[in-house]
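Put chain B on the given structure of chain A with help from the hints.
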Amino acid sequence: MTAPFDFVPIWTLILGFGVFSYVLLDGFDLGVGMLFGLAPDTASRNLIMNAIAPIWDGNETWLVLGGLGLLAAFPLAYSIIIPAVYFPIIIMLLAMVFRGVAFEFRFSDAEHKGMWDHGFAYGSTVATFSQGIVLGAFIQGFKVDGRHFVGSAFDCFTPFSLLCGVALVFGYGLLGAGWLILKTEGEVQARARRQGRVCLIAVIAAIAAVSLWTPLLDPEVARRWFSWPDVAFLSPVPIAAGLLALYEWRALGGPADAGPFAGAVGLFLISYLGIAISLWPMIVPHHYTLWQAASSVSTQAFLVVGTVFLLPIILMYTGWSYWVFRGKVRGDMGYH
Amino acid sequence: MDALILSRLQFVWVIAWHILLPAFTVGTSSYIVFMEGLGLFTGREVYLRISRYWTRIFAVAFGMGVVSGITMPFQLGTNWSRYADATANVLSPLFAYEALFAFFLEAAFLGVLLFGRDRVPRWVHFIAALMVALGTLLSSFWILAANSWMQTPAGYTLIDGRFYPTDWAAIVFNPSFPYRLTHTVCGFFVTTGFVVLGVAAGLARKKQFEADGRVMMSTTLWLLLGLVPLQMILGDAHGQNTRRYQPAKLAAIEADWETGSRIPLILFAIPDQKNATNHFAIEVPVLGSLILTHDPNGTVRGLKEWPADQRATVIFPFFAFRIMVALGVVMLAIVLTGTVLRFGGRLWRSDWFLRICRWTAPIGFFAVLAGWTTTETGRQPWTVYGLLRTADSVTPSLSTADVAISFAGYAAVYLLMFPAGFLIMRRLIRAGTGAPEAEPPVEAGRPSHPVDALPIAGPQGEPL
Numbered sequence: 001m002t003a004p005f006d007f008v009p010i011w012t013l014i015l016g017f018g019v020f021s022y023v024l025l026d027g028f029d030l031g032v033g034m035l036f037g038l039a040p041d042t043a044s045r046n047l048i049m050n051a052i053a054p055i056w057d058g059n060e061t062w063l064v065l066g067g068l069g070l071l072a073a074f075p076l077a078y079s080i081i082i083p084a085v086y087f088p089i090i091i092m093l094l095a096m097v098f099r100g101v102a103f104e105f106r107f108s109d110a111e112h113k114g115m116w117d118h119g120f121a122y123g124s125t126v127a128t129f130s131q132g133i134v135l136g137a138f139i140q141g142f143k144v145d146g147r148h149f150v151g152s153a154f155d156c157f158t159p160f161s162l163l164c165g166v167a168l169v170f171g172y173g174l175l176g177a178g179w180l181i182l183k184t185e186g187e188v189q190a191r192a193r194r195q196g197r198v199c200l201i202a203v204i205a206a207i208a209a210v211s212l213w214t215p216l217l218d219p220e221v222a223r224r225w226f227s228w229p230d231v232a233f234l235s236p237v238p239i240a241a242g243l244l245a246l247y248e249w250r251a252l253g254g255p256a257d258a259g260p261f262a263g264a265v266g267l268f269l270i271s272y273l274g275i276a277i278s279l280w281p282m283i284v285p286h287h288y289t290l291w292q293a294a295s296s297v298s299t300q301a302f303l304v305v306g307t308v309f310l311l312p313i314i315l316m317y318t319g320w321s322y323w324v325f326r327g328k329v330r331g332d333m334g335y336h
Numbered sequence: 001m002d003a004l005i006l007s008r009l010q011f012v013w014v015i016a017w018h019i020l021l022p023a024f025t026v027g028t029s030s031y032i033v034f035m036e037g038l039g040l041f042t043g044r045e046v047y048l049r050i051s052r053y054w055t056r057i058f059a060v061a062f063g064m065g066v067v068s069g070i071t072m073p074f075q076l077g078t079n080w081s082r083y084a085d086a087t088a089n090v091l092s093p094l095f096a097y098e099a100l101f102a103f104f105l106e107a108a109f110l111g112v113l114l115f116g117r118d119r120v121p122r123w124v125h126f127i128a129a130l131m132v133a134l135g136t137l138l139s140s141f142w143i144l145a146a147n148s149w150m151q152t153p154a155g156y157t158l159i160d161g162r163f164y165p166t167d168w169a170a171i172v173f174n175p176s177f178p179y180r181l182t183h184t185v186c187g188f189f190v191t192t193g194f195v196v197l198g199v200a201a202g203l204a205r206k207k208q209f210e211a212d213g214r215v216m217m218s219t220t221l222w223l224l225l226g227l228v229p230l231q232m233i234l235g236d237a238h239g240q241n242t243r244r245y246q247p248a249k250l251a252a253i254e255a256d257w258e259t260g261s262r263i264p265l266i267l268f269a270i271p272d273q274k275n276a277t278n279h280f281a282i283e284v285p286v287l288g289s290l291i292l293t294h295d296p297n298g299t300v301r302g303l304k305e306w307p308a309d310q311r312a313t314v315i316f317p318f319f320a321f322r323i324m325v326a327l328g329v330v331m332l333a334i335v336l337t338g339t340v341l342r343f344g345g346r347l348w349r350s351d352w353f354l355r356i357c358r359w360t361a362p363i364g365f366f367a368v369l370a371g372w373t374t375t376e377t378g379r380q381p382w383t384v385y386g387l388l389r390t391a392d393s394v395t396p397s398l399s400t401a402d403v404a405i406s407f408a409g410y411a412a413v414y415l416l417m418f419p420a421g422f423l424i425m426r427r428l429i430r431a432g433t434g435a436p437e438a439e440p441p442v443e444a445g446r447p448s449h450p451v452d453a454l455p456i457a458g459p460q461g462e463p464l
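Taken in sequence, the protein lines are chains A and B.
Position 72, counted from 1, in the first sequence is what our numbering calls 72; the numbers after and before it change by one each time, with no gaps.
Position 426, counted from 1, in the second sequence is what our numbering calls 426; the numbers after and before it change by one each time, with no gaps.
If we strip away everything but chain A, and leave its shape as in the complex, we get:
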């Protein structure tokens, strides 16, 4: 590159941070939404809803930042990947409409509350499943010619991407259970602990399946993980994943309130790291590196100035809004 200054590493970090923040924050939101559908009565559903009502909007904003960050920092990747996952993206967005409006609509429209409750639970599930398909399709790669995706909009539906969809449903379910354990007590919390363990078993199976399948799909990934000496450097990743899974199992058993959520976050972090190691330095797998897909230096510079200044401020006031609603949630929380 002939650029006077290379902003690609910092943009990789910012985007990586943004996407991971989204996965964590909306992950537990969506997970709570799915578990909401399993709650046995109105009182516990109200409680579960109130555990995320004041914060869901901020969590979903990270999705916007992720999409726009990709467009801004790596526009070539954006204009290839998004058309390639046309249907999962649009299904996700439509599912999120149902999910998002349910918060206000069920409060204000009691006689159709059942309908909005369904919308909330199924919307959360479908949105999560779609995101998993996007992830799976992304790992597999796309048909590209020049600067365009040239495959069909249905290419993204493969056994591998559907597996990723199922995996993410249980993954977000685990995060959601962790959040509910943190924010509730009594019967709702006890149920979340049991649901968390079911999710954890599925997550462990899914991580194992994806970890074995990915190197089979791509010899380059296999070489990276299994050749000497890489295997020595990278072996801590699966070992850490195993230890985290063990910790998570025990934490879900109680009595810790924060442990299950922390463990779930750890599992997501290690999986995220694993995917990053497999794909680095490609942003459009098999076709374009981060550097090849980057926007102009002037673009990255103009945006980095504000981002580096604004992100800490955003984290501060977002943290403050979580602080305002700290502690266990109550069913009778004052609304508006």
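Honestly, I wouldn't trust all of these hints.
Claimed, not checked - Each pair of labels, with its calculated beta carbon distance range:
#1 A408(B) with A256(A): 57 to 65 Å
#2 S227(A) with A412(B): 31 to 39 Å
#3 G319(A) with T299(B): 54 to 62 Å
#4 I275(A) with G161(B): 44 to 52 Å
#5 F154(A) with A391(B): 19 to 27 Å
#6 G37(B) with E187(A): 51 to 59 Å
#7 D257(A) with R355(B): 52 to 60 Å
#8 Y164(B) with S227(A): 25 to 33 Å
#9 D257(A) with K207(B): 47 to 55 Å
These are computed hints drawn from the structure, not numbers from a lab.
Only a predicted model underlies this, so the values are computations on that prediction, with no experimental measurement involved.
Quick reminder that beta carbons are idealized off the backbone N, C-alpha and C, glycines included.
Below, chain B without anything else, positioned relative to chain A:
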């Protein structure tokens, strides 16, 4: 070609519904700040009641705005990937700054505004309302900067069909931006103003809420007395800007095919795109030059100066503009009538006027949609005016069936969601400014629990 047309229709569909929400929330959030502030400084209960009332309605509108807005940044990728690829270097930071400056601010403080009244001191709650309102304005700033750049691009170089930034100040503060920003935001305030006026008129006619309705109506009428004429002045300035930087668009708006001076103002006509002429035209001599150039002898360029494939489809901007102006005249008439009645001391006794206010409550939304249609269809056939064609912006991999399916999905979901949201807001409006807080809060406004049985079973058949 069909994927192109369907993609355009899909974009129209999602953005037309979406713009109704900011048109309301930008103004309402400021109105809530205004009322919260008055309540905080005067300590009068009435302002607090009004603020709570509008916050309940705002919450529903804002939620719908968020979910229909998240779609927008992905639309650029799903359906307009070549546009995204070509313009990202210039436009993407503007979009990203909208998220960084505005969306997070709105989202974080919205939770405190809606749920935190009892958890934070009153002044902090006021600050939260202020931050949400600031967020909506910052959002307008950045998204309209990006939109304006597409209308009047500046500060770029074009290399191999892709735009590269050369001057960021020129990009953000491009020629049409100040006019578009002020005209749009003022339009949003006016839109909210008429909603508040209509709702207040409805409340003022009921004994129970009479006092609150009058406070709302009185303050809003003053506000609109300033804003509606201001909006007309801003609109005229915006038109002058369009004449200078987008003359072909202005010619399309006016259906002027021939260049000339002392041109008439066409009140009504059926424009004939193919033969480049108008039928059944009703014209006022010389007025066209006078309005467009502020000079009876002024010259206005006609559409025939541009090749046929560089002209907008005239009927859309032509009629949309006329609808917008007509609605503006109606709004001015209402505000002036209300003011005359007020000074005559007859406002609260004029039931016919209160009824008119009720019926015209949504007038601003139609004006916003008409104005938006004018500016966006007038920009055609370009996405970046004069430089990037709409036909060259669409995602190349999409088939007609792909877009037909997605459009059907958007159509079905929005047709369910938006009317439902509208009915819910109408119910909240009709419930009046009382205090639903006295009732079980999660059942706001509804005294009973009509749905107690669990309607949802888990995929495993029973709850885990």
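Status of each hint after checking the structure:
no.: 1; hint: A408(B) with A256(A): 57 to 65 Å; result: 48 Å, violated
no.: 2; hint: S227(A) with A412(B): 31 to 39 Å; result: 51 Å, violated
no.: 3; hint: G319(A) with T299(B): 54 to 62 Å; result: 60 Å, holds
no.: 4; hint: I275(A) with G161(B): 44 to 52 Å; result: 33 Å, violated
no.: 5; hint: F154(A) with A391(B): 19 to 27 Å; result: 25 Å, holds
no.: 6; hint: G37(B) with E187(A): 51 to 59 Å; result: 43 Å, violated
no.: 7; hint: D257(A) with R355(B): 52 to 60 Å; result: 57 Å, holds
no.: 8; hint: Y164(B) with S227(A): 25 to 33 Å; result: 41 Å, violated
no.: 9; hint: D257(A) with K207(B): 47 to 55 Å; result: 52 Å, holds
Checked against the numbered hints listed earlier, the structure breaks hints 1, 2, 4, 6, 8; every other hint is satisfied.
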